[in-house]
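2 protein chains.
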Amino acid sequence: MNHNFCVIMAGGAGTRFWPMSTSAYPKQFIDFFGTGKSLLQMTLDRFRPLIPIEHFFIVTSERYYQVVKTQLPELKDEQILLEPFRRNTAPCIAYANGRIRQIDPDANIVVTPSDHLIYNEQSFVEHISSALACTENNAWLLTLGIQPTRPETGYGYIQYDEKNSYLPDPRISKVKLFTEKPQLELAKHFLESGDFLWNAGIFVWKAAVIRQAFERYLPEIHNLFLSIEEDLGTEREKASIERIYTECTSISIDYGVMEKAENVNVLASDFGWTDLGTWSSLHEQIRLHEQTKLDEEGNALLTQANNTFLYKSSNNIIAVPKEKVAVVEGLDGYIVAVTDEVVLICRKEEEQNIRQFVTDVQIVKGDIFV
Amino acid sequence: MNHNFCVIMAGGAGTRFWPMSTSAYPKQFIDFFGTGKSLLQMTLDRFRPLIPIEHFFIVTSERYYQVVKTQLPELKDEQILLEPFRRNTAPCIAYANGRIRQIDPDANIVVTPSDHLIYNEQSFVEHISSALACTENNAWLLTLGIQPTRPETGYGYIQYDEKNSYLPDPRISKVKLFTEKPQLELAKHFLESGDFLWNAGIFVWKAAVIRQAFERYLPEIHNLFLSIEEDLGTEREKASIERIYTECTSISIDYGVMEKAENVNVLASDFGWTDLGTWSSLHEQIRLHEQTKLDEEGNALLTQANNTFLYKSSNNIIAVPKEKVAVVEGLDGYIVAVTDEVVLICRKEEEQNIRQFVTDVQIVKGDIFV
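If you read the protein sequences in the order shown, they are chains D and E. Under the working numbering, the residue at position 73 of the first sequence is numbered 73, and the numbers go up by one with no gaps. Under the working numbering, the residue at position 337 of the second sequence is numbered 337, and the numbers go up by one with no gaps.
There's no promise every hint is true.
If chains are identical, the list can't say which one is meant, so a pair holds when it fits in one copy or spans any two.
Pairs of lysine-lysine residues, derived as DSBU-like cross-links and limited to a Cα-Cα distance of at most 30 Å, are as follows [stated by the list, open to error]: (1) 238 <-> 69; (2) 324 <-> 188; (3) 76 <-> 260; (4) 188 <-> 174; (5) 260 <-> 188; (6) 260 <-> 69; (7) 238 <-> 76; (8) 37 <-> 69; (9) 324 <-> 365; (10) 181 <-> 69; (11) 365 <-> 293; (12) 260 <-> 181; (13) 365 <-> 176; (14) 69 <-> 324; (15) 365 <-> 312; (16) 238 <-> 348.
Hints are computed from structural coordinates only; laboratory data are not their basis. This structure is a prediction, so every number in the text was calculated from the model and none was measured.
Start from the sequences, fold in the hints, and give me the full structure.
Here's what the structure looks like:
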């Protein structure tokens, strides 16, 4: 029997990729590269060599039920866990863990975000496979750390201890410290010191081990989910989840468990990872991604539909639905994102203001465009 | 009985305002100023104080029949004359003249384009009224000339003779010369000399007088329309018009008649006129138009829907349908035009290239976007 399970957290609703990403259709559901697959679909595909299809669980918001069903038609309804509202990652993981324990008390689980990119999928599978082998035999909370290549200020970092010879894989170390996103100076120091990894937010553990950790470090959340344990998988599930979510603290698994627990180890990885966080990072990813490329003037086109006509334009990132046409003349270094309802034109170096633009649109026009 | 008639030529299909203006929906049908009226509707309204509604005739292409019906529901079908293809202004005027002579052999007619702007409508009505009074009693081909205010190279010019005391209105002169669009140096010379006016393309004459001119200067066209005179207003009209249009030369009334005839006079006018020819001129018109204005940074917004959000942007002209939203950051001096199918972003000083962009889109995507 295969005890491997995968929990994909797909409830995010950010506006950093607005207007392509909206609260009604956030980035994990978007096919950014025009390859026919959304980030969510790419995430699931990546784990398929290791995990049987019936062992996947998607945790998402009620409002995304239909889009998940459409994008992952191979999943049964009971594999899509719906949160009534967002409560950060800890309750999300507790919920999925409860459901999986019912099915297989010996479950060995990978928990992953749904909006990351991996360049070397073969290496990724090998790392996850090693990680699952470790947690199969060790009562660890294992997290994946990425060998940093630049002093990135947009990621959290994990400091690891000296390698311990008792550990079964030379890439695994005990975790000394989790840190929040650092300032640039600190990030440079982390990079130089050589004992920091990027926190990829991918976790591997047995259901019983993370349950114990909840019991110890997040007892309130643990008890709430314990109180409805028998309702999971029954017709009472929806009502019970709604009830306890209203009482549940909003807290991340990093802050609530990983930073406190003692059995936390990290697997240093180098499979080429990125958190697709900004338009500029997307531009960079398109340059790097093996299936995509920039044009000769450094423009990144997000569709392969021959529908973007560029003149005297360079270093732009341009997203136009395949059924529309864009003609762009005389732009350098801009984001041009077009949807049925919205056109955004913004210099790349000003993209941190998009959040404010979205708020302004919301104030004047209501939620319809956001 | 009111003998005044008006022929509105509304068959143009230019792409200079693409993508707002397309061959399926050209500029005369567009509400550029968000006032609820298209240029065609504004044109008809302008003549209403002088001309009974049943004396208007719109000459347009067959493909625009439905949009004319929709925009001018007060007109009867027989007031919309459909050309099977474009043959410039002379055949268009011959066709309308034939139909109007059937109704009223003493008709006194204003012929006008449908895509011009007039600032002082009261003054305009006064000028047209004077013009009609003149042609009522004189066998003239009268054209309206606009007092030039700048050395414009985009208009044709009319040179007038010394004022002749036998003429009934001191603003009327005999025409000495029609000229094509001049180079800048020549335009400056025209402006300084003081005896040149802009050619507005608005003509006033009796049906019998222009008919005589056709007979003399464009006998082939005259004979073609003579041959089907009895078919006009009958069920044979459509077939007959189609037949003679295939044989008809494509020629302008200016070149075919006005430049050759001897009874041509010009009424010097100053009612504030512009041929809305380019996005940049539209920008300028919005600055001047009494119902519209630029924002504090010199941006012209073509809708009044509060749907354009501008940041660090100036001197742009921005057209966004009212049901959509545009967010524009960091643009100076651009055209941003959005339709359901197309987004155009182009520096104003490069707008002469739009024609080429349209051709490029047409080559790759076919006619659907053009």
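Hints and how they fare:
For a Cα distance limit of 30 Å, the shortest separation of residue 238 from residue 69 inside one copy, 17 Å, qualifies, whereas the shortest one across copies, 56 Å, does not. In this homomeric assembly, residue 324 and residue 188 never come within 30 Å of each other (Cα to Cα): the closest approach is 43 Å inside a single copy and 44 Å across copies. In the homo-oligomer, the alpha carbons of residue 76 and residue 260 never lie at most 30 Å apart, since the shortest distance is 35 Å inside one protomer and 82 Å across protomers. Taking identical chains as interchangeable, the C-alpha atoms of residue 188 and residue 174 lie at most 30 Å apart only when both belong to the same chain, with a minimum of 22 Å there against 83 Å between chains.
For a Cα distance limit of 30 Å, the shortest separation of residue 260 from residue 188 inside one copy, 26 Å, qualifies, whereas the shortest one across copies, 82 Å, does not. For the homomeric pair residue 260 and residue 69, neither the shortest alpha-carbon distance inside one copy (36 Å) nor that between copies (74 Å) is at most 30 Å. For a Cα distance limit of 30 Å, the shortest separation of residue 238 from residue 76 inside one copy, 16 Å, qualifies, whereas the shortest one across copies, 63 Å, does not. Taking the shortest alpha-carbon separations for residue 37 and residue 69, only the intra-copy value of 14 Å comes in at or below 30 Å, while the best inter-copy value is 46 Å.
For a Cα distance limit of 30 Å, the shortest separation of residue 324 from residue 365 qualifies both inside one copy, at 24 Å, and across copies, at 10 Å. Within a single copy, residue 181 and residue 69 get their C-alpha atoms no closer than 34 Å, and across copies no closer than 63 Å, so neither meets the 30 Å cut-off. Proximity of residue 365 and residue 293 under a CA criterion of 30 Å is satisfied inter-copy only: 22 Å between copies versus 36 Å inside one chain copy. For the homomeric pair residue 260 and residue 181, the shortest alpha-carbon distance inside one copy (18 Å) is at most 30 Å, but the shortest distance between copies (81 Å) is not.
In this homomeric assembly, residue 365 and residue 176 never come within 30 Å of each other (Cα to Cα): the closest approach is 48 Å inside a single copy and 58 Å across copies. With identical chains, the CA atoms of residue 69 and residue 324 are at most 30 Å apart both within one copy (27 Å) and between copies (29 Å). In this assembly of identical chains, residue 365 and residue 312 lie within 30 Å of each other by CA distance solely across copies; the values are 21 Å between and 34 Å within a copy. For the identical chains of this complex, residue 238 and residue 348 are neighbours neither inside a copy (43 Å) nor across copies (57 Å), given an alpha-carbon limit of 30 Å.
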